[in-house]
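Chains as they are written, first to last, in the working numbering: chain C, 47 to 924; chain W, 21 to 342.
Worth flagging that the hints you see were computed from the coordinates, not collected in a lab.
These numbers were taken from a predicted model, which means no experiment stands behind them.
Glycine is no exception: its CB is placed at the ideal position from the N, C-alpha and C atoms.
Hints are supplied without guarantee of correctness; some may be wrong.
Using C-beta positions, here's what the derived DEER-type ranges look like [what the hints assert, rightly or not]:
| # | chain 1 | residue 1 | chain 2 | residue 2 | range |
| --- | --- | --- | --- | --- | --- |
| 1 | W | 306 | C | 391 | 51 to 61 angstroms |
| 2 | C | 70 | W | 170 | 38 to 48 angstroms |
| 3 | C | 173 | W | 328 | 19 to 29 angstroms |
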Amino acid sequence: MSGSKPDILWAPHHVDRFVVCDSELSLYHIDSAVSSELKAGSLRLSEETTATLLSINSDTPYMKCVAWYPKYDPECLLAVGQANGRVVLTSLGQDHNSKCKDLIGKEFVPKHARQCNTLAWNPLDSNWLAAGLDKHRADFSVLIWDISSKYAPETAVATEKVRLSAGDVEAGLVVTKPLYELGQNDACLSLCWLPRDQKLLLAGMHRNLAIFDLRNTSQKIFVNTKAVQGVTVDPYFHDRVASFYEGQVAIWDLRKFEKPVLTLTEQPKPLTKVAWCPTRTGLLATLTRDSNIIRLYDMQHTPTPIGDETEPTIIERSVQPCENYIASFAWHPTSQNRMVVVTPNRTMSDFTVFERISLAWSPVTSLMWACGRHLYECTEEGKASSLEKDIATKMRLRALSRYGLDTEQVWRNHLLAGNEDPQLKSLWYTLHLLMKQYTEDMDQKLTGNKGPLVYTGIKSIVKSSLGTTENLRHSRSGSDRQADIIQYLSEERSLALQLCGWIKKGTDLDVEPFLNSLEQEGDWERAAAVALFNLDIRRAIQILNKGASSGKGDLNLNVVAMALSGYTDEKNSLWREMCSTLRLQLNNPYLCAMFAFLTSESGSYDGVLYENNVAVRDRVAFACKFLNDAQLNRFIEKLTNEMKEAGNLEGILLTGLTKDGVDLMESYVDRTGDVQTASYCMLQGSPSDVLKDERVQYWIENYRNLLDAWRFWHKRAEFDIHRSKLDPSSKPLAQVFVSCNFCGKSISYSCSAIPHQGRGFSQYGVSGSPTKSKVTSCPGCRKPLPRCALCLINMGTPVSSCPGGSKSDEKVDLSKDKKLAQFNNWFTWCHNCRHGGHAGHMLSWFRDHTECPVSACSCKCMQLDTTGNLVPAETVQA
Amino acid sequence: MELHILEHRLRVASIAKESIQLFTYGLIKLAFLSSKTRCKFFSLTETPEDYTIIVDEEGFLELPSSEHLSVADATWLALNVVSGGGGFSSSQPIGVTKIAKSVIAPLADQNISVFMLSTYQTDFILVRERDLPFVMHTLAAEFTILRVVNGETVAADDFGVTNGFVKPKLVNVRTFLVPLAVSALKPLFCALLATVNVVLFCFFRVKDSVVGNEDSGHIRFFSFSLIEGYISLVMDVQTQQRFPNNLLFTSASGELWKMVRIGGQPLGFDECGIVAQISEPLAAADIPAYYISTFKFDHALVPEENINGVVNALQVSQAEKH
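Here chain C stands alone, though its shape is the one from the complex (with noise of 0.2 angstroms):
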C-alpha cells in the first residue's frame, strides 16, 4: 500500500461506508444520485450513487496493511499495520466515545521491526487481532495481539525503554506482550482466521501453508505450497480456501490438505487480490496487476465435497467495472453481488456484477429463468387457444388418447388425433389404403414387384405405368353429351385410383361406392365432383340436390344443380360463357372444379388440376384418369415437389414411404415440430429402408425423449412396443442379466424357459425331485437363489400378497401362480446395499420406510434413487 497503489474496505456493518487507504485513510460515505446533479464535495461512483469524503486520517505513516474492526461498535476502529512491524488501532468517526478512547492510539510493537504485512481480526473474539510479519532470524512472525490488554511494566524488558517514549509507556498505549506467538524465523504473507473455531488460524508462510491451532501451539498443520498469498475463507463453505502465487490461484479443501483441489487458469500477469463473494455462494472475484477487468470464478456448481478425482467445473467470466486499471477491489459486505472499485489515481466507482441467467423450458408450455436470487415463471397469458394451438399440446394430448397406435383400422388414427386437421386425415387414409392394399397384395400372393410398389407412392406408379400398357378409349358413358371426353385408363392407373381412394379393389371403376360413402358424411360438394369427374352428370345433380334437401344441406345446391344440368358441350354457348367466369365465385373448391372441368378443353384441365382447395387425393385421381402419360408424369413431379416443399401430408399419397417422403416429412416436421406424426407415420413403412434413415431415427427418439420428459413412461414403453412390432430390428438385445451368486450363469433361463409349476414351492423348500430344475434354484447348478429379505422365501417363488401374511392369503396366491412374470415377482434390489427381494414387495416396503428392510442395514435405498419418487404423469392426470 505504497502511495502509488491504493487500497479500499467496506465498513463491515454501516454498509453505506468504505475507506480508501494509501498513505492515509480517507473515508467515505456513499449516497444515491436523487439529482443528476452532483452535491458539492462529492464524487460520481454510478449512474445511481454518489461518494462524500467524511474524514481523512493521516495519523499512521508507513501503512503497509490495514483491518477493519468487525464488531457494529465502534464504529471505524481500524488496524493499521506499519513497515516497522508496528500494529497501531487508529479511528475514524467522528464521535469518540469512551469505549472507543481507550483504544484509538494504541500501539502493538514486535520485538525486532519489520514489515508487518497482513492483519487478520478474529470473527469470533474481536479482541484478537492477528498480525504478520516479515521474517527474523529471532522472532517470531505471526504474532496475535489482545487489544483489551494493558500495558504492563513487570512484563515488559528494560531495554524497551531505549526506544519507547515514557510518556506512551504510562499513558498504556504500547503493547509489547503479544497473546500468542507463532512461526519462528519464518515470514507471514498472509493470514486468515478458519471461522470453523476461534482458535484457528490459517497462515501463508514463507514456503507453506499452516494451520495454527491455539490450543495447541506446539503443532501445525501445513502444506508445502508455492502459493502462500491472500489466503481467503470461502464463507459460505468454510472448508474452501483459496490462496495465489504470482498469476495462479489454488484453491484447497482443508479437509483434504495436501495439495489443491484445483488451480484456476494461470495469468500472464501477477495477482494482486482474490476475494470471496460475501453475498453468492463459490464467487470469487481475481484482479491482477495493470488490469482493467476482474475475473470471476463461480464454482457454484461444484460438488461439495469436492470429488476426488473429478475436475469441477468453473464458469470464468470477466467484468470490467471502468476504463482505467483497477488498483484494488472490495465486495459489498451486504449487498448482492455489488463492489466497488479504485483505481490508481483514486477514481472510485461502485459496481454491480450482474448475475448469469440461467433458462430452462419445461416439457409443457411454461418457462423458467433464474438471476440472482430471482426466479421467475413465465406462461402465456390469457387466451386459452394459442396454447392449445400449440404443437406440444396437442401431441401430448394425442399421446394421451393413443394416437397412432391403431394399427388395424389405420385411418381411426386421425380421429384419435382429434379429427381437426385435413392432412392428417389424408395422411391417415393414405396410409390407411397403402396397407390395406399391401396386406392384400401379399395374401393373394400377387406377383412380387407390386408389393413394395404399393409403398412407393403414386408417382413411381404412374413413372412405371409410362409406355407400357396404355388404353386410350373414348368413352361417352353417363351423359348423352359427353362426347369429347377422352378418358386413360392401365393396370397401374387403375391402382393409383385405389390408392386415392376412389374405387376399390377389383371393383373394376365403379366408383359408387366410394360416393355413397362420401354421401354418407355429407360430403356432397366433394361427392358431386367425383360423380362428374366419373362423367355422370346425372348422379351428381342427384347428389347435389339430396345434399340440398338434407338437414344441414346448402340449399344453394340446387342452384348450383340447376346450373350443372344446363350443361352444353356448344364452345361459345352463353352458358360456358357464364360458368367460366361465374364460376370463381363460388366458394366451394369442388364445386369451382366442376364448372371448371366442365368448362374446359379436352386434355387441359389447369383450372381443375390447380384449384389448390381440392384435395391432393382427388387432383391425383382426375389427373390419372383425363391426362396423358406425358403431361401426368409433368403433373405428379410438380405437385410432388410442391408438396415437398410445402411439407404437405397429402403429398404421402404420391411419395409414398420413400426417401421423397421422408424429404416431405422433413419439411413438414422443420414446419410443425410434430415428431410424433413423423414417428407413427414411417413406423408404418417398416418392410421399406425409409426406417433406416438417420432422419426417422432422429425423429423416433426424440418423441421418445419428449415422452419421457412429460413422464408419459408407460405411453413411451407403449411406443416402444409398437415400434418393434413394426420394425423388429429396433427390438434391443438384452443388456442386463441376473446371474447366480455360484456358478455366474444367467438364470433367466429358469424364469422364462421353464413353465409354470403349479405347486407352492415356498412350501416344499428345494425337497423335490432332484432331476427337476426349480424355479427358485439356479438352472445352471441347481443352488437357491437369493431371498427376499421382506418374505425370506427364495427368489423365483410367487410373491404373497403381504409379508407374513395368514395361510388363507397364502393359498389364495398359490393359485395365482401364473403371475410369475408379473413385475411383482421380479427380483430388485438396491446398488448400494445389495439388498432386495420381490418388487412387489418392495415397492410396499418403502410406500412407509426409506430405510432397507434389512435389519441393521441402514442405507437409504429409495432416495439414492432418483426416478424411484417419481409418479408417470398419466397417472396424476388420470
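On the provided structure of chain C, position chain W as indicated by the hints.
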C-alpha cells in the same frame, strides 16, 4: 526441526581491496538491480583485508573474470534451519548458539567444513555440494531434511549417502582469537526494506566513510546481503548514523553487538571445526552469537554486555585444548 537445503548453488569469492572498481558494475547490478539478473542470493562483506562475495551461479556470471578475483574452488549449498511448528518461548537461544549443538558440532565431528552467514532474518550454513550426502547422513537423525526445488519444498531424496563422497581430510586446526578493541566496532544488525534508490544512496555513503576513516585505526566491517528479496546489513554504529531515521529495522531492544575475529592468518576452506570451537563454548555459556565467515577470516558477533564472558569462555576452551 526442519533443515531446508536451498536451491541456490553458491560460489565464494574474494576481491582484493584495491581492485574493487573493476567489479563496480557487476556489484551494483547484483545489489540494486536484482530484477535485471536472475540472482537470488548475494552477499558482500567488507573486512580490512578484502571484499568477500557469496553469490549464486546466476549472479556469478555478472562478475568479470579477473586475476583480482579469487574464487574458492567448490560449489556451496546453503542450509537453513527452520523450527517447523515449535514452541513460542522467547527465552530460546538465538543465532548460531541455537544450532551449535544440533548442526555445527555434528558436522565438525564428521570433519565437514562449513561456512557461516548470519543475517537479520536467519542463519545460513554453507556446505560444499560434494559433502551434501555426508551432511544429510549426519543430520538425518536430528532433522527433517527438505529440499527446495523451484520454490517448493519437497522431501530430499536420500541420494547415495554411503557412496561417492570424498571423506574430508583431517586437519589439526589452530585457532587464533583476536578480541577487538571495544571502541573499534559495534556491529548492528539491520534489515533494510526500502526502495532500491534509498539503498543505493546509503551504500555509497558507507563507502565514503570507509575511505575517510582509513587512518583512524578502526577495523572496517560492513556486510550487505540480498537473499530471496530480503536485505540485511551489518555495520558499526558510526556507519548506522549515516542512514536516515526509520529506514532501518532493528530489534526493539536496540541491542549492540561486538565482534570477535577468528584467525591470525587466512583460514582457508578445508579446515573444519572452527565454527564449532567458537560456538560450543558460547552455547555452553548460553551467550547468543551470530557468525559471519569471510574468505580469509571468521567473525563471531556477541552481545556487547557479554563480551567479557565470551573472552573468558573462549580462553578457557582454548586452554583445555592445549
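Going down the list of hints, with the structure as the test:
1. W:306 x C:391: 51 to 61 angstroms: Holds, since residue 306 (chain W) and residue 391 (chain C) (Cβ atoms, about 56 angstroms apart) stay within the stated range.
2. C:70 x W:170: 38 to 48 angstroms: holds (40 angstroms)
3. C:173 x W:328: 19 to 29 angstroms: violated (45 angstroms)
When held up to the earlier numbered hints, the structure conflicts with hint 3 and nothing else.
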